[in-house]
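Here the protein sequences line up with chains Y and V, keeping their order. In this text, residue positions in the first sequence follow numbering that gives the first Met the number 0: the first is 0, and each later residue adds one. In this text, residue positions in the second sequence follow numbering that gives the first Met the number 0: the first is 0, and each later residue adds one.
Keep in mind that the hints are not guaranteed to be accurate.
Stated by the list, open to error - If you only want the chain V side, here are some residues facing chain Y, beta carbon under 10 Å, derived:
{"#": "1", "residue": "42"}
{"#": "2", "residue": "53"}
{"#": "3", "residue": "55"}
{"#": "4", "residue": "80"}
{"#": "5", "residue": "91"}
{"#": "6", "residue": "94"}
Said to hold, decoys possible - Here are the simulated DSSO-like cross-link-like pairs (lysine-lysine), alpha carbons at most 27 Å apart as the crow flies:
{"#": "7", "chain 1": "V", "residue 1": "87", "chain 2": "V", "residue 2": "18"}
{"#": "8", "chain 1": "Y", "residue 1": "112", "chain 2": "V", "residue 2": "112"}
{"#": "9", "chain 1": "V", "residue 1": "16", "chain 2": "V", "residue 2": "6"}
{"#": "10", "chain 1": "V", "residue 1": "5", "chain 2": "Y", "residue 2": "112"}
{"#": "11", "chain 1": "V", "residue 1": "84", "chain 2": "V", "residue 2": "112"}
{"#": "12", "chain 1": "V", "residue 1": "16", "chain 2": "V", "residue 2": "5"}
{"#": "13", "chain 1": "Y", "residue 1": "112", "chain 2": "V", "residue 2": "123"}
{"#": "14", "chain 1": "V", "residue 1": "16", "chain 2": "V", "residue 2": "84"}
{"#": "15", "chain 1": "V", "residue 1": "112", "chain 2": "V", "residue 2": "123"}
{"#": "16", "chain 1": "V", "residue 1": "13", "chain 2": "V", "residue 2": "112"}
{"#": "17", "chain 1": "Y", "residue 1": "112", "chain 2": "V", "residue 2": "16"}
{"#": "18", "chain 1": "V", "residue 1": "16", "chain 2": "V", "residue 2": "112"}
Because the hints were derived from the structure by calculation, they are not lab data. Bear in mind the structure is a predicted one, so any value in this text is a computation, not a measurement. Using N, Cα and C, we set each Cβ at its ideal position, and we do this for glycine too.
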Amino acid sequence: MYYLWVFLIGGFICMLGQVLIIYTNITSARILVTFVIIGVLLQAFNIFDPISSVARAGINVPIIGFGASLAKGAMSAVKAKGLLGAFTGGLEATAGGIAAAVVFAFIFSLIFKSKTKN
Amino acid sequence: MDNELKKRNEAYNKYVKAKIPKTKAWPSLFNSFIVGGIICCLGQGINDLILYWFPNMAQQTAWAYTLIVLIFLASFLTGIGVYDKIGKFAGGGSIVPITGFSNSITSSALEFKHEGIIYGICVKMFTIAGPVIVTGVVASIAVGIIYLFI
Chain Y
0 MYYLWVFLIG
10 GFICMLGQVL
20 IIYTNITSAR
30 ILVTFVIIGV
40 LLQAFNIFDP
50 ISSVARAGIN
60 VPIIGFGASL
70 AKGAMSAVKA
80 KGLLGAFTGG
90 LEATAGGIAA
100 AVVFAFIFSL
110 IFKSKTKN
Chain V
0 MDNELKKRNE
10 AYNKYVKAKI
20 PKTKAWPSLF
30 NSFIVGGIIC
40 CLGQGINDLI
50 LYWFPNMAQQ
60 TAWAYTLIVL
70 IFLASFLTGI
80 GVYDKIGKFA
90 GGGSIVPITG
100 FSNSITSSAL
110 EFKHEGIIYG
120 ICVKMFTIAG
130 PVIVTGVVAS
140 IAVGIIYLFI
């Protein structure tokens with residue numbers, strides 16, 4: 000049953016991205032940046048977790064979840080380590096995703112050829 | 000002379016505007032909604048499978064594995080050229096999920112492969128993802144420092 004919420008909320012967030020594309024013609028880099036900052040703000044004001052408990056993957060899979068875990072990592076690391084945590088926490092929490100994206104991109108770009116130019 | 004230049008510029012701008020591909024608003028909104036929803040449901044499915052196989056895993060760890068699987072899939076689909084086709088159909092639906100982040104890195108790396116491994120792949124893979132990581136890190140440090148004082 001909760002898959003319905005995942006679908007509706009996840010779809011709605013992606014549709015917001017499409018609204019930005021249609022009405023402002025912004026590039027995909029700006030869209031991603033916008034949504035990451037939205038995620039950081041949602042976590043900073045502690046409203047990400049309540050939404051996440053209902054929406055689950057609907058908000059964790061969009062890049063908003065990436066922004067939220069950056070902020071969440073920084074906040075919990077500050078609690079544990081003080082000022083140093085502000086610097087280490089964000090990347091620590093998202094290191095898995097960033098490293099995975101980098102290593103898979105490296106491997107697959109070595110294996111495959113660009114399909115856009117032919 | 001100035002007038003002529005102005006006229007030419009106007010004509011050129013008109014020409015450019017006519018040539019920019021117009022996205023039809025309503026169908027593209029619908030497509031992005033459906034594809035975005037499906038990708039999120041796929042993520043939920045992977046997450047549920049992981050928690051089913053490893054019931055003792057913390058939810059946060061399970062999300063990390065889920066995202067890694069999604070990133071792998073998107074990177075692979077970009078490599079074989081399928082993700083771009085999904086992207087043409089879905090627009091925002093393929094950019095906003097974490098798969099879009101992965102796609103942006105792999106597609107930039109692929110596109111500049113011909114410039115070599117170091118200056119092509121390694122340098123150019125961050126053309127789109129770089130700003131995302133930079134703003135994310137800066138914002139998270141700001142949040143952490145503010146959090147320190149409250």
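>> Against the 27 Å threshold, does the CA-CA distance of residue 16/V and residue 84/V hold or violate the hint?
In response: holds (25 Å)
> Close enough to count: is the Cβ of residue 42/V nearer than 10 Å to one in chain Y?
Replying inline: The hint holds - residue 42/V has a Cβ within 10 Å of chain Y, the shortest such distance being about 4 Å.
>> residue 94/V was flagged as interface toward chain Y. Is the shortest Cβ-Cβ separation under 10 Å?
In response: holds (5 Å)
> Under the criterion of a CB-CB separation shorter than 10 Å, is residue 80/V in contact with chain Y as hinted?
Replying inline: Hint holds; residue 80/V Cβ to chain Y Cβ min 4 Å, cut 10 Å.
> Does residue 55/V meet its interface restraint, that is, does its C-beta lie within less than 10 Å of any C-beta in chain Y?
Replying inline: violated (19 Å)
>> So, as I understand it, the hint says residue 53/V touches chain Y; can you test that by seeing if any CB pair is closer than 10 Å?
In response: Hint violated; residue 53/V Cβ to chain Y Cβ min 16 Å, cut 10 Å.
> CA of residue 16/V to CA of residue 5/V, is that 27 Å or under?
Replying inline: Answer holds: residue 16/V to residue 5/V is near 16 Å, not above 27 Å.
>> Can you confirm whether the C-alpha distance between residue 112/Y and residue 16/V stays at or below 27 Å?
In response: Measuring from Cα to Cα gives roughly 33 Å; hence the hint is violated.
> Quick one, are residue 112/V and residue 123/V close enough, alpha carbons at most 27 Å?
Replying inline: Holds, at about 9 Å.
>> For residue 16/V and residue 6/V, compute the direct alpha-carbon distance and say whether it is at most 27 Å.
In response: Distance ~15 Å between residue 16/V and residue 6/V Cα, so the pair holds.
> Is the straight-line distance between the alpha-carbon of residue 84/V and that of residue 112/V 27 Å or less?
Replying inline: holds (20 Å)
> Taking 10 Å as the limit, does the beta-carbon of residue 91/V come near enough to a beta-carbon in chain Y?
Replying inline: Nearest chain Y Cβ about 3 Å off; hint holds.
Of the numbered hints listed earlier, those contradicted by the structure are 2, 3, 10, 16, 17, 18.
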